[in-house]
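Both chains are given apart, each in its own frame, so use the hints to dock them into the complex.
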Amino acid sequence: MTLDFLVCAALFVGVVAYAVFGGADFGSGFFDLTAGGARRGAELRTLVDHSIGPVWEANHVWLIYVLVIWWTGFPATFAAAMTTLIVPMLLALLGIVLRGASFAFRKYAGTLRQARLFGIIFALSSFLTPFFLGAVAGAVASGRVPVDGYGDVWTSWLNPTSIFGGLIAVGTCAFLAGTFLTADAERSGHPGLADVLRQRTLLVGLGTGAIVFIALVPLLDDAPTLTHGLLDHGAVLIVISAVAGAATIWLLWRRRYVTARVTAVTAVLAVLVGWGIGQYPWLLVDQVRIADAGGPPATMVGLLIVVALAGVIVLPALIYLLRLTQSEAWSHADKSGTVDRTS
Amino acid sequence: MHLVATVLTAVPAPPGLFPAREQMALSLGWHIILSCFGVAFPAMIFVMHRRGLRRNDPVAIELAKRWSKVSAVLFAIGAVSGTVLSFEMGVLWPGLMGRFGGVLGLPFAFEGLSFFVEAIFLGIYLYGWGRMKPSVHVLMLLPMAVAGVIGTFCVLAVNAWMNWPTGFRIVNGQVTDVNPWRAMFNDRVWLQFAHMWVGAFMVVGFSVAGVYAVGLLRGRRDAHHRLGFVVPFVFATVAALVQPVIGHVLGFGMDTHQPAKLASFELAETTTHGPSPIRIGGVVIDGKVYGSIDIPRIGSLVAENSFSNPVPGMDTVPLADRPNDGEINTSHWAFQIMVGLGSALALGVATFWLARWRRRDLLRHRWFLRACAFAGPAAVIALEAGWTATEVGRQPWTVYGVLKTVDAASTHSGLWWLFGVTVVVYTAMTVGAVTVIRSMTRRWRDGETDLPSPYGPALGGGDQR
Chain A
1 MTLDFLVCAA
11 LFVGVVAYAV
21 FGGADFGSGF
31 FDLTAGGARR
41 GAELRTLVDH
51 SIGPVWEANH
61 VWLIYVLVIW
71 WTGFPATFAA
81 AMTTLIVPML
91 LALLGIVLRG
101 ASFAFRKYAG
111 TLRQARLFGI
121 IFALSSFLTP
131 FFLGAVAGAV
141 ASGRVPVDGY
151 GDVWTSWLNP
161 TSIFGGLIAV
171 GTCAFLAGTF
181 LTADAERSGH
191 PGLADVLRQR
201 TLLVGLGTGA
211 IVFIALVPLL
221 DDAPTLTHGL
231 LDHGAVLIVI
241 SAVAGAATIW
251 LLWRRRYVTA
261 RVTAVTAVLA
271 VLVGWGIGQY
281 PWLLVDQVRI
291 ADAGGPPATM
301 VGLLIVVALA
311 GVIVLPALIY
321 LLRLTQSEAW
331 SHADKSGTVD
341 RTS
Chain C
1001 MHLVATVLTA
1011 VPAPPGLFPA
1021 REQMALSLGW
1031 HIILSCFGVA
1041 FPAMIFVMHR
1051 RGLRRNDPVA
1061 IELAKRWSKV
1071 SAVLFAIGAV
1081 SGTVLSFEMG
1091 VLWPGLMGRF
1101 GGVLGLPFAF
1111 EGLSFFVEAI
1121 FLGIYLYGWG
1131 RMKPSVHVLM
1141 LLPMAVAGVI
1151 GTFCVLAVNA
1161 WMNWPTGFRI
1171 VNGQVTDVNP
1181 WRAMFNDRVW
1191 LQFAHMWVGA
1201 FMVVGFSVAG
1211 VYAVGLLRGR
1221 RDAHHRLGFV
1231 VPFVFATVAA
1241 LVQPVIGHVL
1251 GFGMDTHQPA
1261 KLASFELAET
1271 TTHGPSPIRI
1281 GGVVIDGKVY
1291 GSIDIPRIGS
1301 LVAENSFSNP
1311 VPGMDTVPLA
1321 DRPNDGEINT
1331 SHWAFQIMVG
1341 LGSALALGVA
1351 TFWLARWRRR
1361 DLLRHRWFLR
1371 ACAFAGPAAV
1381 IALEAGWTAT
1391 EVGRQPWTVY
1401 GVLKTVDAAS
1411 THSGLWWLFG
1421 VTVVVYTAMT
1431 VGAVTVIRSM
1441 TRRWRDGETD
1451 LPSPYGPALG
1461 GGDQR
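Each protein sequence line maps, in turn, to chains A and C.
The first sequence: position 195 = 195 (the working numbering), numbered continuously.
So the working numbering is basically just the index in the second sequence, starting at one, shifted up by 1000.
These are computed hints drawn from the structure, not numbers from a lab.
Only true hints are included.
No more than 20 angstroms apart at the CA atoms, straight line, and that leaves these computed lysine to any residue pairs for SDA-like:
id, chain 1, residue 1, chain 2, residue 2
1, C, Lys1288, C, Gln1336
2, C, Lys1133, C, Leu1053
3, C, Lys1133, A, Leu322
4, C, Lys1069, A, Gly110
5, C, Lys1133, A, Ala317
6, C, Lys1069, A, Leu112
7, C, Lys1069, C, Ala1145
8, C, Lys1133, A, Thr325
According to the in silico footprint, chain C covers these stretches of chain A (three or more CB under 8 angstroms from chain C):
id, segment
9, 59-65
10, 109-120
11, 307-320
Glycine included, C-beta positions come from ideal geometry on N, C-alpha and C.
Bound conformation, chain C alone (with noise of 0.2 angstroms):
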């Protein structure tokens, strides 16, 4: 399908591009779960940890505590792939960020900053179990939750400016007159951050408290697992009721700033004459729709807000700045699919709570408990969706309207190898991250703590000092 982006925009394309869109899909699409972790977690420790204190209940604490090391554990990887988006940023786009790093940069040195910020106050936090006064130590996480605020908004700013570009110029093919702040804080920014920043409190929300829907269906009905479903599911809750509206307004004025994109969410190929259908499911073949099935007026209504506006169709684009029948596809069944968890998710936890209200404990029913195990992942896959469908639904443009994928990517043509070897290594990190939390999970259980050192298993007698 790539090969036919290609065709179309007539420009012969690098070797890289394609391999350095892959490697891009593949390692940012890897990141965001963990930067989520470390987005929305410091801060559902904090509720947790501060619980344990004021109301001194070590059911609380040790939840905190377990939480902290597997957030180290995933904040490692995550500052690992973190760092190869940095790498990458030059090696695959080196179009993109020779021309214009002098503008989209300033908010990833803001994020350096908050970045900066959390791993400093992690390790703080991670080692000051035991060593700090309790009332100071648990305030070493709030420094990181600020952090991760600060660090969406900037990384979301750089995407935002991506696709609604502002800020500078372009002179004679020169970049001028260039203002990072208004790049920084374009008029995109705020949406898209609280869309993600929300994002990060469901997949995390969801995830952890699936952990322990996992355990309660185990028969594990202590006062551990309870709590520890709780706290999340209430975060993932005001998160999932939220995340809707966010996503709604999100989509206004998207019909006049990227009316390609718009078509390709709804798969609206030709513009209607008065109010368009809601398509689901359903494919484009060469410019025709195949098995969808149509909603008449949904459509306007989610697009436009109105009952009676048209949504304009991928005709109204100009030939050579259209995505492909892949593209279109790909990002319109991705924005389906995060539409569709998102809601079955809103409509998952407004259950729970109403019957909480109606003196019903959902918590008792199986089919519940198991839902609840599948809500992580459904949230992660709405996350990953939700991406696909932004990203793919922007091409062929990497900095819309301005700056087309093929001038971004690297010309390079070892670019395939890079991919193959960054399949295998994060394959490995994936398999080595679950093992350990996995194993030491398990260790919890059986009521033993970590290994006392590394390699140390002669070291616990205490006869070395």
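Chain A with its partners taken away, still in its complex shape (with noise of 0.2 angstroms):
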């Protein structure tokens, strides 16, 4: 266990939380754009805002979380990453830049007119930073990222295994989102939704395991190291997530909600590590090995003192909020429609 497997494993970490929570975020976006008009979206729409409003904050934390690790612990790599990758991030910046903001002034909003506004960015603008942070994990995991720096600002992200990586990751998203969200509608007594949110959850679980089966297809071609890390040391994982999305599929099909959402974020999970264990030793595929990427090591250790800090901090708090958020005193405000009307 080196200083710097130690930082990368705290790295991969953050990654795997804000791709769960914030991916069951941005993937609530999916959900909001096909509720339907306003009438008729209403009860879903609402559904969404109460399930993500008292979370998302905390939830994008995560991402800020990745990026100072990243920088403080790898600097040179992540200035690798940004200055070849610059298009894709800044199109998930902008993402993330649209969706916060319309989100918070869609709850806000002073009119109708200026709800459905912004929740039509809202809406839109949460498809764009799963894609374009999945084509930055394809571009990174297929070895498009130089040592150096300012790789091919095109190529690096417009190839099979960036395209593969941001498709799976918004179907990923959509899926974990519905899962929870269709177990939030039944929690709060609205069956209907429930039944309409499972059908699509369905459909969006299908769809994306379908691409998950034909993206193998030119991945081996086009990032033959992951490939081979995959069916490799990675095997086990890969059989898992394959397991665990059927049976979230089979469970909502039969309407066993609550026990989807574990095997949803069991195959979810999965994946992610498949993906870590897959590509490990490398940080940049290819290019740079984790081992030889680290800051200097003082910095390392000050990083792993950050890391237990959040540990003891931020890990009891996080819980306590995202308990709350399940819990009946809050859920029962959700359901009488009262909430921020307690004025």
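So, in structure tokens, the structure goes:
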């Protein structure tokens, strides 16, 4: 266990947490978009608003955590990735800006017209960030970020691995969000809404699964190091992911929404960890190994102290927040539709 | 003017340099205002909310509730504009992050930690209205306030380090012997932190008080408006009176460490024999000062804390390390605007409390309320001017004396496009925020509350359950 490895593991935990928590947030945009007109979609949009409203700021911070640990712990690779992947990075950023702002604006909008405009921006921009961050992951995983940076601005992310990475990210986010929203709808006493969500989530799940299988073919050619790793030491996790994904579909079909959430998260976790293991020991695949990318040792120790502090300070608070949002007292007020009308 | 800098440094500037600087100025300048609200607003809401609970005062509770909603909007766009900055560190300044990320990164990591705490407790607080025990609910503001202090310290630690770098050595062009703790707790950080932290309270205190001053001007002289004015105004008062002292102390030592910045501030092109004057206004053109009003000796007093020591002029700085005329003038004017506005604000609050001590209530006077309405924007301008002064005054260095801005900037040529998009997006975001907050306040005035749900006109009847 070297310092570099530990810090990289902490970084990867951030990536995974962002993908799961932030991913579920982003995916809700898909359901918000497809909810229908203002009247018909109001119920679903209210659900989206209530389920991500309290947590989206916190979920968003995982991305900051990842960026900060990356540039502090592995500064040269951060500069390399940012200069090479400037276009998808900035488009992902555009999604974050438009989405974050319009979500808040919609919540406090003065008129229905305003709310509708902000809602459309919120929903559409929810696709940008997962797609382009997925493309970034694909670029790194297929060895397209040169160690000195300034790789090709276009081909670095306009390639099969990146495009499939983006599509899978979008699909995964929507699938996660759908599973959680369906359970939320059921729990808060909206069985009709749960049925609608169940149907859409099943479609999204099957679609995403199909994309993942199709992606395997071009990946063999386009990202050989990654696929080799995936089929070699990552194989178990890929199997787990496939089984958990299929189980989620089955559970949704059987209306076992609470259990479906567990398997959905398992499927996503497994595929993410599989990717991490498949890529190991490379930080930038085929370019820089984790062991050769680390910053000064004193800084790495400092980062580990920050991570430990985060475990002590942030984690309990975060769990408290997540528990509150799931608790009866909170969801009770949600049901009565009196959120922010307590004055 | 930036083209002149290129000629002076005689290094071919990367095409990304100028757009990167403009981009950073825009996005940072925008974010700073919102971060002030993140730092100072929770403390004010806490005081208001606690007052409401202790005195069983529904007016105070209502104010705290409204402020928390405004802070939710501001925090959301502050979070995204802060994320923009995280990306920009790498996209615009790869030369800085690639080489020095390991030195300057640690405070950013702590900042991330405090931001996490802030975001979590904001979520709890906002959604806790009517759902938590009131005595516990109000306490959720405290972690936010503390996180604001730590976050400010961390960001200022990085900036202070860029101004007075320490905690590493450069051997054969390689950065070695990195001590990130030393870099974080550098000699300048405490004063810079204090200056910014107090500045945040000035911005938020005056801005919020100004909103209620406008209401008072329009004849809404109820308890709601008086209380909404007084609480932030007290915060602003303390901040405005302390700030000049911190600012003055912050200047100590600049003459030896950053003579070019001091010379820019004071418009000191040549070192005087004997005491230096203070120069009000004026511009530098080709090394000569035109149109300034000089007051003898005061320059020495302000910069050197002495009536006799001369202020070292730009002539003490090697030619290649000097900022160009445009940068000198920018930072000189920005500095004077900051000092001028800061002094005016300090004078204004002092007048108010002095009058109150003499049993005169200036809130009855329209001229005072008008001045209060302008105090918020004035504090914002002072803050922006302060940042402009210190950042432009540091040029041509990104890390003072170690890394030039030309070497920090990206070599990408397309950054003007990015800048154009940023201008459009930030303008839209500003318009959106102003529209939403304004319509929010209009609704409150009409006695309505928020839309029950986004898009949700039909949901009100309760028939959906």
